[in-house]
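S.K.: Keeping the supplied structure of chain A fixed, place chain F upon it in accordance with the hints.
Protein chains in written order, with my numbering: chain A, 13 to 342; chain F, 13 to 342.
In short, the hints are calculated from the structure, not lab data.
None of these values were measured; they are calculated from a predicted model.
Beta carbons: idealized from backbone N, C-alpha and C, even for Gly.
Careful: at least some of the hints might be erroneous.
As the list claims (entries may be wrong) - Listed below are several chain F residues computed to face chain A (Cβ distance under 8 Å; list not exhaustive):
#: 1; residue: Val173
#: 2; residue: Pro300
#: 3; residue: Ser310
There are 2 protein chains.
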Amino acid sequence: MNIVQIGIGPLGRRVVQYITKREGVTIAGAVDVDPELIGKDLGDVCEIGPLGVPISDNLATAIEGQDVSVAVITSLSSVVAVENQIAAAAEAGLNIVSTCEELSFSLNINPDVSQRIDEVCKANKVACVGTGVNPGFLMDYLPSVLTSICQQVEKVEIYRVQDASPRRIPFQQKIGAGLNDEQFQAKVKTGTLRHVGLPESADMIATSLGWKFDKIEDTLEPVIAEERITTGYIPIEPGIARGVKQVFTGFINGVEKMSLHFLAAVGEPESYDKIIISGNPSFESVIPGGINGDVATSAITVNAIRAITRAQPGLRTMLDLPVPGWFADI
Amino acid sequence: MNIVQIGIGPLGRRVVQYITKREGVTIAGAVDVDPELIGKDLGDVCEIGPLGVPISDNLATAIEGQDVSVAVITSLSSVVAVENQIAAAAEAGLNIVSTCEELSFSLNINPDVSQRIDEVCKANKVACVGTGVNPGFLMDYLPSVLTSICQQVEKVEIYRVQDASPRRIPFQQKIGAGLNDEQFQAKVKTGTLRHVGLPESADMIATSLGWKFDKIEDTLEPVIAEERITTGYIPIEPGIARGVKQVFTGFINGVEKMSLHFLAAVGEPESYDKIIISGNPSFESVIPGGINGDVATSAITVNAIRAITRAQPGLRTMLDLPVPGWFADI
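Just chain A, with the same shape it has in the complex:
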């Protein structure tokens, strides 16, 4: 199966690296907007040696004369921003897998653009899905899957807690580690600190469960160091941010029905992904140590290539895709 890779940033490069290691999937074309990349060999840019695939500045050139089934789009987080790329891929007859966070569950939050994407996909008999490890799996799809064994669900609580100490410096910087309150708040204002997709994750679960929140809370605050922390890329003094905590809470009739807790901080004692379902039965599901987002987001994107070709046309979500499990061959 041939795919075209759209977006050759850090995430796209990892997807390319992963695809070239997999049986049954081949990269037939590549697209990016960066003039520095145009014309270069995709494999060289991805540091895996030449692939014979030049990076093009447009989709038509990239797939010309080739039998391509799927476009993998790893370009932008905003569904509004990525709409044109999706429409172009759909009109070229390509199924679409995208890491666009807002696309993971956009129907209610961005209804107009979602409807247009759904229509252009249906008109061209292709399917489109937004996925990734989060949003797309840990805090939405997996909890929805786990409710399958429940006769009753009263409450869903989800925790993604990551010790950022061993992570890349850009990741530690991204979560605000080492910033004082003023610097942290300034970064909040630019929007670069926010994990994108928490409302989408909550909406996916709520829609799956048939819940409509009448009140929501969506908070973002620094995790403040209480003592000196030296496990990160720089020492962090007491009173300084060592990371970020984002919480989304949904209420129905004054009752808290769902909470999603995203915490990433240097010096956090434990990393884990935990889902707590209260109902019948009540149970929790834990991944001790948590899941590395860099590997997992690229992996689920590659795995979804098979699933999207088996999905019904239109804008789909992880909820209605066949299981996008890992495969040795397509």
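M.R.: Structure of chain F alone, referenced to chain A:
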């Protein structure tokens, strides 16, 4: 949505109890072969008060004049035995959810009957799925789902370990607790001791991963009490079986690639459901305390009612169904 319940044994009764507590699903008819039950009110038999639904000895009578969408079949474990019931439901235009263990993944193990079921479903534009907590979820569907975040899977190990001490007496008896070796082996020979579905679970995961085992092992042995155990329905002396352990192992090129461990025993120190995936990333997912099978099998059967009406026609598996998550309303 109206459903017809086929099979009013202990499992079917629990499904009926659950459905009557759910919004958006109504039981319109009931079928069983037991002459003692025919003509009785379904609700009375299920001990939830009259439902105005008489138990019939045939499907046509049960659904006559009603707009029924789904047949829930909780009658038999063997796909060969249940084929006629499925065919009759399909020919009546009903989608089918069944707890038939072998139906959870029958394509390779029972190819002929599976193909006939697939054909009769497609001919009548209905979908059919076998589900349950195990097989159907814990040891097959959920592990397959978890591989979605992997770039590489080297090995899958699954443990379902249950302390049977707090369980019903029939369950403790079913797993051989209190039997000496001769009694245990006699019970093995009758086939009543075996958990049905372990090869099906392994086959579901292997098919999802694209693996073909060239050697398999499928063992069943007693778990022997090493000291006197008094937590069960009868005291168990040293040397006597306190439960059963079943292990399915799959190999490729001499390498153990998958193992499924099913252990249920009185006096087991801990209950848990654990999935260990070795690959990139390697991780484990644990449900401490494990999942109560009685509740969960009935619950997932009810939840799959919604999913099966959204599935493509034919014999489906949990792998290609939309997420059969819990729902507040259909």
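S.K.: Are the hints correct? Go through all of them and say.
M.R.: Here is how each hint holds up against the structure:
1. Using the Cβ-Cβ criterion of 8 Å, the hint placing F:Val173 at the interface with chain A is not satisfied: the shortest such distance is roughly 15 Å.
2. Interface restraint check: F:Pro300 against chain A, minimum CB-CB distance 7 Å, threshold 8 Å, status holds.
3. With a cut of 8 Å, the hint placing F:Ser310 at the interface with chain A holds, because the nearest CB-to-CB distance is about 7 Å.
This entry does not satisfy hint 1, going by the numbered hints stated previously; all others are met.
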